[in-house]
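Per this note's numbering, residue 176 is the first one in the sequence shown, and the count goes up by one each step.
Fair warning: there could be bad hints in the mix.
Stated by the list, open to error - Pair ranges (Cβ atoms, derived): (1) A259 with L197: 48 to 58 angstroms; (2) I191 with S240: 52 to 62 angstroms; (3) N219 with A286: 43 to 53 angstroms; (4) N207 with E263: 56 to 66 angstroms; (5) A286 with L197: 22 to 32 angstroms.
Keep in mind that the hints were calculated from the coordinates and are not lab data.
Positions of the beta carbon are idealized from the N, C-alpha and C atoms, including for glycine.
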Amino acid sequence: MNRSQGFTIIELMVAIAVAGVLLSVAVCSFQNISRNNAVRAATNDLIATINLARQQSMSMRSEVSITPATGGWSNGWSIEFDQASAGEDADYDVNESVTITSTATELAFRARGGMATGAGSTFTIEHASSSTLCRQVTVNFFGKITLASCP
176 MNRSQGFTII ELMVAIAVAG VLLSVAVCSF QNISRNNAVR AATNDLIATI NLARQQSMSM
236 RSEVSITPAT GGWSNGWSIE FDQASAGEDA DYDVNESVTI TSTATELAFR ARGGMATGAG
296 STFTIEHASS STLCRQVTVN FFGKITLASC P
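Assemble the whole structure, with the sequences as input and the hints as a guide.
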């Protein structure tokens, strides 16, 4: 019996359909991972900047402040040292898809590590396209940072 080797058109179409379904599931998962990573990166950058400001204010016995960029915290922030020997002023940018909201107009740390303002501040960091991807960073009067998920 003479039979040709290969795939039938039906087998080929089923294989393409299965590959399409698997690809669509992978793309959706990748987008969610990408959004989550953007929120985590912004959160980690903010926490690292706050820790640096507090640590440098105590070690150099000078005030260090963190101020939002023009347009608000979602556009980034700057760290400014009173003394040049404490460190070099730096600007931080935020991914365009991440929004950061806070009532704080500035975070200023005194020489002993506490905040110059009377109360702590809370920052809400979330992805612009998904409010479920959200983190809250709270800085109390003493400079202690608490990280939590949004309610």
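Status of the hints after comparison with the structure:
no.	hint	verdict
1	A259 with L197: 48 to 58 angstroms	holds, 56 angstroms
2	I191 with S240: 52 to 62 angstroms	holds, 59 angstroms
3	N219 with A286: 43 to 53 angstroms	violated, 26 angstroms
4	N207 with E263: 56 to 66 angstroms	violated, 37 angstroms
5	A286 with L197: 22 to 32 angstroms	violated, 58 angstroms
The structure is inconsistent with the numbered hints 3, 4, 5, although it conforms to all the rest.
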